Amino acid sequence: MALNLTLTINGRSVALDARTADMPLLWVLRDILGLTGAKFGCGAGLCGACSVLMGDERFFSCMSPARAFVGQPVTTIEGLGNDPLGKRLQTAWVEVDVVQCGYCQPGQIVAAAALLKANPTPDDTAIEAGMSGNLCRCGTYPRIREAVKLAARAGAASDAKGKSG
Amino acid sequence: MSAGDDLSLSRRNVLSGSAVLGLSFFVPLGRLAAAPSSAASLANTFLTVTATGVELALPKTEMGQSILTTLAMLVAEELGVAPDQVKVVIPKGDAKRFAPISQGTGGSSSVRQMYKPLRQAAANARAALINAAAAQWGATPDRLDLINGMVVEGGSGRRLPVRALLAAASAAPAPVDPPLRKARDFKVIGKPTKRIDSWEKVTGATVFGIDVRLPGMKVATLIQCPMFGGTLGEVDESAALATPGVVQIVRGRDVLFVVADNYFTALQGYIAANPRWEAPSTPATQSQILAELRQALTKPGFEAKKQGDLAAARRAMASEHRATYHQPFLAHAAMEPGSCTVHVTAAGCEIWSGSQVPSQAREDAAKALGLPAEKVTFHNCQMGGGFGRRLETDMVVRAVELGRQVSYPVKLVWSREEDMAHDMYRPAYLDEIWAALDASGKPVGWEHRIVGSSILARLLGNAFKGVDGDATEGAVQIPYGVGAHRVTFQQAESAVPTSWWRGVGGLRSAFVVESFIDELAHKAGQDPLAYRLSLTSNPRIRAVLERAGQESGWGAKLPEGHGRGIAVLELWGTVMAVVVEARVVNDEITVPKVTGVVDCGLAINPLSVAAQVEGGVIFGLSAALFGEVTINDGRVEQSNFHDYRVLRLNEAPTISTHIISSVEDPGGMGEPPCAVAAPALANAVFAATGKRLRSLPLSLQEA
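Chains as they are written, first to last, in the working numbering: chain E, 14 to 178; chain S, 90 to 792.
If you are wondering where the hints come from, they were derived from the structure by calculation, not from laboratory data.
All of these numbers come straight from a predicted model, not from anything done at the bench.
Quick reminder that beta carbons are idealized off the backbone N, C-alpha and C, glycines included.
A hint or two may mislead.
[Claimed, not checked] Pulled a few chain S residues facing chain E out of the computed Cβ check, cut under 8 Å:
| # | residue |
| --- | --- |
| 1 | Phe297 |
| 2 | Gln313 |
| 3 | Tyr352 |
| 4 | Ala422 |
| 5 | Val565 |
| 6 | His731 |
| 7 | Ile744 |
| 8 | Ile748 |
| 9 | Ile749 |
Just chain E, same shape as in the assembly (with noise of 0.2 Å):
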C-alpha cells in the first residue's frame, strides 16, 4: 500500500492509500477512518448532511475527492468542539431543543460554523442562504433559526467579554 495521501483531519495528520485520491472524502471519514459524523444521505451534493469544513468553509463531502483536501485541514462534527464556535453551537443546539432524529444535525452545526465564520452577526436573510443547503425530514428548521441566532449572540458576548477582559 503506497502512503502518499496525506490529509489533515481535526487536527491530526492522516496518510492513507494513494488510491483513495479520488474517492469522496464522505466514505474515506466514514468507511476507512470511523469517523462516522458525517451522513451520507443523498450522494448529490443535495441535503448536506455530509458536510464537513476546509479550512472556514464547508464542503458536500459526498461529492468531494479526497485529494481535494489535500494541504487543508478539515474539521468533522467530531472536532468542531475543539473549536469555540463550534462548542457554542453545539451547546445552543442543546439549549434550544434543536435535534429530533439527528441524522442531519452533524451537516446542520457544520454548516452553521461556516455560516458564522464568514458573517459572524447574520440576519434572517443570511441564515436562510447559509443553511437552506441542508435538509431536515423532521422539520427543524424553526429551531435550527433560533439557535443560530442564539450561538451568535453567545459569540458577540463572548468577544465583548474578551475585549473588556
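Since the structure of chain E is already known, use the hints to place chain S on it.
Chain S in isolation, oriented as in the chain E frame:
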C-alpha cells in the same frame, strides 16, 4: 393462528389506537424480582433500580419523536429523579420481552400505550423501597417519599439511600399496583424538558444503523430491478470483480448485490457490473394506475359506516355538493437511506439496524434464514427518521438475503436513488364526497367513497373483509354532525408496493374532509371557522377551533395575495387544528406562517409536543407542496431530492404552537400535525386565489 396472522395483528395493534389503549390497562407489570446473585437491584419488565441509578429498557423505538426522553420522564416522575438521571437502553428485538405490549412504534401510539404501565412499573419500585424503609424504621409508609435516591420521612426528616434498601425491597412481596403520583404533585410530567439525547446527536456520537462498524466487515450496495415485478438479467460480473476493492457479486432474482471494502467502491463495482433487467409483462404506468383508481370509484365499494337515511336526506335536501380529490404516491425519504448490517454464522445471525418493529424484523429475518427466532439477534439502532418506512422489514430481509451468501459481516447501504425507487409508498387515493345540504347550507347527508391500495389487505391476507380500517380512519369519525353518514372503501392495487406513512389513513381523510367542509362553508357563504363551529358541539373540538381563531388573528386583514386556511381533526386521542397562511405570487405558493393549537390531553413534555407540531407541519407541507411519486415504464420517475423536493429552511414557515391545558390521558402527537397541514394550506390557497385545488401536490399552474 399462522405466523402471517401474528404479523398482521401485531401491526394492526401498532396502528390501532383502540386496541393499544385497551391493552395498556391489562398489562402485567411483572413481579418485582430480586437480582439473581446480590439483590443489589430491583427489577421489573421495564426498569432496573440499582444503587447508582435507574435503567429503563425502552419498550418503544426512537426515531426523532423524543420518545426516549418522554418515557424517561414518566419513570423519573414516579421515582423522584430528574429525567436525565434515567439511563435509557434500546433493547434487542424480542416479541416476548414486553408482551403484550408490542415493541412496534407507529400510529402515534407510544405515549398512549406506555403512559400508565411505565408509571405503574416505577410506582411499584418506589413503593417497594418505601415499604422497606418503613419496615426498618417501624414507620407508616404513607408519610414516606422517594426523592433523589433517598427515602425520606416527612416531619422527622429521617432518610435512607436506595442502596441501603434494595436488598430488603427486592426480598419483600411486591407491592400490588400502589397509587401513582397525583397530577398536582407532578415535578417532571407536564414540565418543558429538554431531550436527554441531544449531546450525542450534536457531536456526531450517536450510532445510527448506517454507522455500525464491525471487525472484518465489508460494505455492500444493492440494486433492485427498477421496474416493479421485473427480474435481473445479464451482469458484467468480471468487469465488476476487476474493480480494485470489489470483493464479491451476489445475484438474486430481482436484485444485484455488490460487496466491497467500502461503499464508494461498491458503487464503482455496480457501475462496472452494468446490470440489465427483464421487464415485467405489463410495466405499470401512471395513466393506467389513475385509470384503475377512477374505475374503482365506479364500483359500489365496501361499507365502512352507515348512519341514518341517506335517501331521505337526498329527498329533503335544498341543494347538494360533490367533489373528487386525488392524492399521489409518496416516498418517505427519511434522511438515513436504507441500511442494515448482518453477520450470518453457523450459530445464527446477528443484525444491526434501525427498526420501528424490531421484534418483527427479527422474526422476518429468521423466516428468511429458515432459523428459529431465538437464533437471530436484532440490535436495534437509532433511526435517521422513520415516518413509517421502518415499519417494514424489507431492508432487513434484503440484508439477510445477502448475508447468508457471504462469510463475513456485511453492511448493506442503499443509495438515495435506490431508497427512492424501492420505497414502500403511501398509497395513491381517489376520494369522492357528496353532501346533501339544507336551506342554510348545512349538511344533512354525507357520503364519502374512498379508493386506493389497502395496506391492511396485504397484512391481513384472507382475514381482510373489504374495508381498510386504517384508510377509513378520520372519514368514519369526523369532527362534524353531518346528518346521514355513509363511508365506503374500495381496494385498488397496482404494481406499486404501499405502506404506512406519517399520518396514516387520517392523513388522507383529513385532506378530503377538511377541504370539502371548507367548500361547503364557502358555498353557504359563511366564514370557514364559523361554519365549522356551527357543525360541532364537541367541547374539545370547539375549544381548539376557537383558540386557533384567536391565536392566528383569524379574520384580520392580510396583504394582497395572502390567505388563511384552517383544518382540524380528532384522531389518535388528540384534537389538533392549524391555521396556515399562504402567499401566492405568480401562481407560486409559499407559506409564511402557521399557527397550531393542540389538545393532546396531558402534554407530558410541552417542548416535544411543540417539536412534533413544528416537524409534523413541515413534513405535511413538504408533501402538500411537492410530494409526488409518479410511475412510468414500470419504474418510479423520481430519484433524489432534486426531483422529490422537500421543504428547505428558507421555505419553512414560522410556526407557533399553543397547547390546551388538560389533565386527561395523553393523546398521540406524531401524526396529527402532519395530517392537518395539507388541507389547511389548500384552504388558504382558496382564500388567497379563489381557486379550489383538489389534487396533491397543490399546483396553481395546472389549476
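Checked hints:
Interface hint at S/Phe297: satisfied, since its Cβ lies 6 Å from the closest Cβ of chain E, which is below the 8 Å cut-off. The beta carbon of S/Gln313 is not positioned within 8 Å of any beta carbon in chain E (closest approach about 17 Å), and the interface hint is therefore violated. Interface hint at S/Tyr352: satisfied, since its Cβ lies 5 Å from the closest Cβ of chain E, which is below the 8 Å cut-off. Using the Cβ-Cβ criterion of 8 Å, the hint placing S/Ala422 at the interface with chain E is satisfied: the shortest such distance is roughly 6 Å.
For S/Val565, the suggested interface contact is broken, since its CB lies about 29 Å from the closest CB of chain E, more than 8 Å. Below 8 Å, beta-carbon pairs count as interface contacts, and S/His731 has one with chain E at about 6 Å; its hint therefore holds. With a least beta-carbon distance of about 6 Å to chain E, the hint placing S/Ile744 at the interface is held under the 8 Å criterion. Checking S/Ile748 against chain E by beta carbon gives a least distance of about 15 Å; that is not within 8 Å, so the hint is violated.
Evaluation of the S/Ile749 hint against chain E yields a violated restraint, the C-beta minimum of about 21 Å exceeding 8 Å.
The structure is inconsistent with the numbered hints 2, 5, 8, 9, although it conforms to all the rest.
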